[in-house]
Amino acid sequence: MQLSREALLNAYRAMKTIREFEERLHVEIQTGEIAGFTHLYCGQEAVAVGVCAHLGTQDRIVSTHRGHGHCLAKGCDVEGMMKEIWGSREGLCKGKGGSMHIADADKGMLGANGIVGAGAPIAVGAALASRADGPGPDGLNVAIAFSGDGACNQGTTFEAMNLAVVTQAPCIFVFENNHYSEHTGFSYAVGTAQDIASRAQAFGMKAWRADGTDFFAVHDTMREVLAHVRAGGGPVAVEFDTERFFGHFEGDPQRYRGPGELDRIRAERDCLKRFRAAVTAAGLLDHAEIDTLDTEVLDAIEAAVAAARAAARPTAEDVLADVYISY
Amino acid sequence: MTKMMYRDAVLSTIMEEMARDPDVVVLGEDVVGGMGTAGGPEAIGGIWSTSTGLYDRFGPTRVIDTPISESAIIGAAAGLALSGKRPVAELMFADFIGVCLDQLWNQIAKFRYMFGGKTRCPAVIRMAYGAGFNAAAQHSQSVHQILTGMPGLKVVMPATPADVKGLLRTAIRDDDPVIFLEHKALYATSGEVPDDPDFMIPFGHARLTRAGGDVTIVSTGLLLGMCEAAADRLAAEGIGCDVIDLRTTSPLDEEAILDSVEVTGRLIVVDEAPPRCGLAADLRALVAEKAFSSLKAPPLQVTPPHTPIPFARELESAYLPSIDKIEDAVRRVLAWR
Amino acid sequence: MPDIRPFCMPKWGIEMTEGTLAEWKLEEGSAFSRGQLLCLIETAKITNEVEAEWDGVLARVLVPAGGDAQPVGALLAVLAEPGTSAAEIDAFIAAFRPAEASAAARGGAAPAAAPAPAAQAPAPQPPVTKPLLTNRAISPEARKLAEATGLDIEPITGPGRDGRITLQDVQQALRAPAIPALHGTLAVVEEDAKVFASPLARRLAAQHGISLVGVKGSGPRGRIAKADVLALIPAPAAPAPFALVPNPPVVAPFDRVRKVVAQRLTQAKQQIPHFYLRSSARLDELLALRKTANLVLGSKATINDYLVRATALALAQHPDVNVQVHGESVHRFAHADIAIAVASPKGLVTPIVRQADRQPIAAIATATRALIDKAQAGKLAFEDMDGGTFSISNLGMFGVEEFAAIINPPQAAILAVGAAARTPCELPGGGVGFETRLALTLSVDHRAIDGAAGAAFLATLKDLLETPERLFA
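Residue numbers (my numbering), protein chains in the order written: chain A, 35 to 361; chain B, 738 to 1074; chain C, 397 to 869.
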């Protein structure tokens, strides 16, 4: 562990913010106040934060329908996101996108995406833009395609991986394998492949695997990955083995889970618990300061929800705005 | 003015805009042509000759030859555009939107709106469309009726080399996504093109190519020439036709159509796409709603039938609109009792 | 068959479209004699007495007095000779079709369903409609109308699935053929690459000589709309003071074609003793026939093509007009080679339709079209213009009422054709109506053709144009 105290605190705060953001949405959605479909990222926080901790705003990410974690990890505003999910005109996307369509180009967040597998080609395009701009002092800017084990079966993802290899674009395909594509198990849906990384290797790119519930494993892997890509080594893939604490969407009865499965992964595979245990055991942070951080995060989420409830609602005239820049 | 072919107007405009703006990049299947072969890069130079020489001049980071992966091409164009570039992507045949529709429809068209006006996606997607070469059902289609119906896209259908020049330059400099439809059968046609390096034609401004007080004929692309020929024949009998070239189907120059129909009271829409739920149906509904009191006869459409495009020469020519079919439609609206 | 006659709403004057039956002067079933007062009819202007024109019986009253106004042509009553049976009257009503379009537009023989007026009259028979025996797909309303009017639906090309016929198709078939008033072509106002204005705005600006450069448009996407141009049209109240401007001539030397035209026409006008015969022909039958022929036969023949055909047939009958003058001899021809004057980019040219008296209309139309296309493309060959026994110059499309043309030597006559004009005329039964007349002026070379010969030819031509079915012989 080579991380500074500040970096550790930041990482924990980021993961805890995602966790509490999602846990709170899980509660609020049941009141019926939030419209539409919501897919929660709970359980996968170490991946988003462990990846994005290495990125600057000129590095771009493309996310998925399960995108809250990626948005928050890439720096999107908590309150702006909460307002968006509440459908306010003060939301990050003025209430036009909602949970599945949050983007903030200024932060290098090119967009969550409601279509599984649609993001990978877009990330390749962003990487080709970086390639055209050429390397800066720290090497090439990179583009990251977050995909799940569901998207790894989409033809678009295959096309994107091949195009990235053909053009040697600085693109990183991050596969978050949470073992479920919607309601179907990984062992069924991914055919003959034992893992996603080896499938990526077949496209001619380097690939890594790591435990996605261990923040330090993610962080260390990504350090290596980014050194390779920024230096012009071409596209790579990384598969993180992780867990989804909630259903595919909010309201999913999760009848596909095994007995005690949710309790087991909450107990053994919770990246926050593992982080706390690791840093306290190593004497890097103590429980009291982590508890203080927890309180700060809960307060921030409470404030964001209050702000979202009070925020201005969009009007019928807003329907017509922002289809085109000029028409 | 310089006389040039439609295809050369495409190529020269891309060349000029790439030279002017380093953010303009080109990508597509075989836009370089010959990559990975004994012939080497530029062995082909694009099957339509609309990208010949770009690779030699601007190199591989700005002229990206892709595998046959339409979703990846359009997706990459989206990513490039969201990242500040001005990609000009080529779909070799417009029919191939079938394999990349998600990227056009759910992605590029919707970014700006979904993301609350926060993003800019200045992508141009060029496609060769249209029948006339016996290329049968999967390589001859006119897809504008599908794309025009998608909010967020602009759809351009130039009919002349000058319009290619003016409209493609506008498309590349436009900050919204633009579908640029080039008719295969027009590539080898020639016309005078203005030399002004900033010659641009704004979108949504139709062109009146024939003026007459009796019937309004609206069309685009290849069929425009047939409409003009029919109008010229009818003029010899004293029948005057307004022939309107829409130039862009989105945005639509509604006013040009309504202004004309208010004078003539008779409308014929000539379109290369099948008749149902298409441009011809749309424009006739527009006129029925907004110029009903001016109408002297039911608005007619001249389109292919509700069938796929057939292969054999006799079948394809029976399928397509023709000068005779347009002339017949004019006579039918005039004969309305 | 008994003598059964319709009694319809009369048309008094061209403005009358409908009238009201104010009073019946006799009861249903009563006999009348010629000159007896039948009824009073009110129009917007007057109340008229209507007298019987023959001896008969008021067999059936269909429109009672004091009801709604009826369109001109509507069936008001049926008159018949004594002894005609009710069934025969019913059959007559069922088969009756109004002559006037305005009545048809109201739904065919609508008054046929009107209730019988008098209480003592026999119980009204439901109108006998002929059931439509057909395999054609037809909408219920269309079937009703076709049955009520006895329309033969077989010639109708249904636009629906499997050729299904709609009410609209039946209504169309019942109406008189349309003769649309055409506006014709207009000049295209070229688009200025820097100015974006609607076509109508450009046309208006050009008409008023207004430059649109720099004008701020108020329309969508900043386009200059009609209103923007109207706002720029200077108010007529403040006319600019008149001032002379420099007006130098633009000198253009004659080109080759113009030199030839100038030389030949000067020679013709100076050396040929022209005399002129003026006439005009009623064109209504020809216009109606052409409309039908074009629609039904798919022909594309223009009025000019019919003129060429008629002239050629007339010349074949009058070979003494179908001549050329060479020095002091006259060359007569059995067949007519008609030169038609065509304005081409290079000036006036006169390509020739060969032996037009031996060619049907469609062939003349095709040949003429080809010649005009060649002329406009500047591709006429010498043999397209060499010879000719007679010329036609038609300026009707420019609205010229009539004019006299110069003979094109060595030919000895030329026909100048003006615009077809709607002209008042006396109707066969008295009163004034309108007809379409075409002005014809024949220029004749008196050296070769005498006045009587020219006049006889012109009379034949007029006759052919007025009975156009002979042009198809």
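A couple of the hints might just be wrong.
From the structure, some residues in chain C lie toward chain B, with a derived Cβ separation under 10 angstroms [as the list claims (entries may be wrong)]:
hint: 1; residue: 491
hint: 2; residue: 569
hint: 3; residue: 577
hint: 4; residue: 584
hint: 5; residue: 594
hint: 6; residue: 599
hint: 7; residue: 698
Chain C stretches covered by chain B per the calculated footprint, using a threshold of three residues with CB under 8 angstroms from any CB of chain B [unchecked claim]:
hint: 8; region: 431-444
hint: 9; region: 681-691
Keep in mind the hints are simulated off the structure, nothing from the lab. Ideal Cβ positions, reconstructed from N, Cα and C, are used throughout, including at glycine.
Does the structure break any of the earlier hints, and which numbers would those be? 1 and 8
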